[in-house]
Amino acid sequence: ILNVEQSPQSLHVQEGDSTNFTCSFPSSNFYALHWYRWETAKSPKALFVMTLNGDEKKKGRISATLNTKEGYSYLYIKGSQPEDSATYLCAPPGGGADGLTFGKGTHLIIQP
Amino acid sequence: DAGITQSPRYKITETGRQVTLMCHQTWSHSYMFWYRQDLGHGLRLIYYSAAADITDKGEVPDGYVVSRSKTENFPLTLESATRSQTSVYFCASSAGGMAYEQYFGPGTRLTVT
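The listed protein sequences correspond, in order, to chains P and G.
Under this note's numbering, think of the first position of the first sequence as 192, with each following residue one higher.
Under this note's numbering, think of the first position of the second sequence as 58, with each following residue one higher.
Since the hints were derived computationally from the structure, they do not count as laboratory data.
Hints are not guaranteed to be accurate.
[As the list claims (entries may be wrong)] Straight line, CA to CA, 25 Å or less: simulated DSS-like cross-link-like pairs of lysine-lysine:
1. P/K295 - P/K248
2. P/K233 - G/K68
3. G/K114 - P/K295
Construct the entire structure; sequences and hints are all you get.
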């Protein structure tokens with residue numbers, strides 16, 4: 192079972208501010224790192240799947256970077272909007288299994 | 058295009074009963090997964106399937122049985138439900154393995170009394 196840590200656990204951000212949070216994962220036997228966005232009362236939706244060290248992906252105001260050698264990924268949100276309020280999950284594939292091992296998430300609340 | 062659906066959406070059952078949660082996807086994705094959501098643990102993998110007739114255990118498989126006779130369906134059966142299996146269950150599918158994004162169903166909220 193992989194140890195996947197996300198920090199902070201929760202975050203309150205003013206509308207318009209930019210923010211970022213961290214995912215730490217084992218750097219050995221790296222295959223991929225997934226980011227998901229999970230809104231209340233909905234199901235998780237994929238943001239990014241990253242596979243290469245140094246990879247940077249962007250979708251609108253959200254971007255992510257990946258460092259596989261040291262085992263971390265950052266998720267950035269530029270100019271936060273109320274609709275960005277959600278829990279953001281990171282997940283590498285689990286040891287030996289093709290399913291994902293999820294971190295506990297960063298719960299982001301955007302305050303107007 | 059229905060995508061991925063789960064049924065029932067809500068279920069209340071008694072301890073010791075057998076219950077089956079259904080999952081159906083319309084994309085012909087080869088991989089399908091079952092996760093459960095628990096406070097303090099987040100999402101945890103129960104079972105997954107790489108193709109029809111191929112299934113494998115995840116992190117928390119005890120007390121569950123799966124089958125996959127058709128690519129589009131991946132039912133999860135609780136053989137004898139226990140209160141500790143009260144949870145929200147999510148089914149997901151993907152076109153491939155580790156480097157492919159997963160698409161989640163809407164979830165089934167199961168309560169075992």
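Fill in: Hints violated by the structure (numbers, ascending)
none
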